[in-house]
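Residue numbers (this note's numbering), protein chains in the order written: chain U, 3 to 315; chain L, 1020 to 1196.
What the hints contain is simulated information worked out from the structure, not anything from laboratory work.
No residue lacks a Cβ here, since even glycine has one placed at the ideal position from N, Cα and C.
A hint or two may mislead.
[Unchecked claim] Each pair of labels, with its calculated beta carbon distance range:
| # | chain 1 | residue 1 | chain 2 | residue 2 | range |
| --- | --- | --- | --- | --- | --- |
| 1 | U | Glu151 | L | Arg1142 | 32 to 38 Å |
| 2 | U | Ser58 | L | Ala1063 | 43 to 49 Å |
| 3 | U | Arg37 | L | Asp1182 | 25 to 31 Å |
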Amino acid sequence: MIGRQKHCIALEDFSREEILQVLDLAVSMKEVLRRPIKKVPSLRGKSVVNLFFEASTRTRSSFEIAAKTLSADCLNWTSASSSVTKGETLIDTARNLEAMRPDVLVIRHSAGGAPRLVADHVGCAVVSAGDGAHEHPSQGLLDCFTVRERLGTLEGKTLAIVGDVSHSRVARSDLHAFPKLGARVRLCGPPTMMPSGVEKLGCTVHTDLRAAVEGADAVIMLRIQHERIGDPLIPNTREYSKLWGLNARKAADWLKPGALVLHPGPINRGVELSPEVADGPASVILDQVQNGVAVRMAILYLLAGGDAAEAKA
Amino acid sequence: MDAEQIERAVGRLAQEIADRARAAGAADALAIVGIRRGGVHLAARLRLALTRLLGHEPPVGTLDIALYRDDLSARGVAPVVGPTDIRFPVQGKTIVLVDDVLYTGRTVRAALDELVDFGRPRRVWLAVLVDRGGHELPIAADFAGAHLQVADGQDVQVRLHEDGQGADVVLTTGRVP
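Using the sequences and the hints, build the whole thing.
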């Protein structure tokens, strides 16, 4: 259990305390990753099933390393090689996997709400590894962890999220997490990629990149999804890059000293981020990858470690 | 035990550890590791005393055994995990594992498992302030400040002033069944 949460599906449901519980535990988990022997026996005899209906390398590997570092058994299940191609429904697939008695199901799906639907039909803990344009909670938590680790606190800090906000589950999770930890959020991107009424979530909306990143303590650059390019939302990558991409010159002129640059990956180099910025001193992109393992260890430990039913007994 | 008795016990523990370390030719390779949370302050005190006795400061570290517990599933709620902090190479060292109370021995079992994940020590000694009996594993203290006869339902609490709870004291609480 993470506080009252039996699952980790949406940071919208998480309280400040529940988010902090994961982040604080992840500090200890990160220490485990630095040891000569990177393995602890906490989840020995537990099993984690990665159920991925959408392509992913980073997130799936990250959950797999997290599970294995905690000594859990980890099974990877991808839809391309499964019965989904034979017409099995999501719930049937999940129920069949559950019959093998895993302790945690990690699900990525192209449809928002899929992890919640599965959680309602299975008994084990469910962790979302990203669902449609809904949320990507572990990414939101690792973004918080990375910025907090570098800046010491999120209280009073300003964060800019730049890119295709309306299709980004990362943006949505960040937007639900950072303000709970005391940070202000500015959103920036093409007006066609900004959900209407998003200010109601307590952020400010900008179309001008300079206005969004100037004075910010951290900037999260979102990936522009290739499939969106050429459709009416943005005419071409050159225009996008010119108006909303971050290059060395803009970073030097506009970012305040010590400001961090984050990106959930994979980067489109030269589109939303120039290589000089992605590999530059402000970039914490590789920290994010390492911290992702620690944060996912914390999530798995809290959800698989205890059994709610046994706690009541 | 009151503050004065605890101080004498810690001094005696340090003397015994120093003597044994010299006899084993391990005085230069000694390191102290406190088990969180009860062993941490004791480890710091032993380090201070051993620095005087040995003429050099042995390295000190901290182990948090939460990730190595054997009762994770049975506890319901996952235990709080604190920091483990060992910044010296464990390889070849003579490690003095320090805890406040030795009871079932399960904490020490977990601590040994965790310790060897940092390397292969030359040897490990166990030093505790109080050995209260009731061991459930073949684990014994190499150095004990005191041996107490305490019934199973009772709890032995070591309170040290570093915790901000007043003067040092060892209390036995709970009813005898």
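Outcome of the hint check:
no., hint, result
1, U:Glu151 <-> L:Arg1142: 32 to 38 Å, "holds (37 Å)"
2, U:Ser58 <-> L:Ala1063: 43 to 49 Å, "holds (46 Å)"
3, U:Arg37 <-> L:Asp1182: 25 to 31 Å, "holds (28 Å)"
Of the numbered hints listed earlier, not one is contradicted by the structure.
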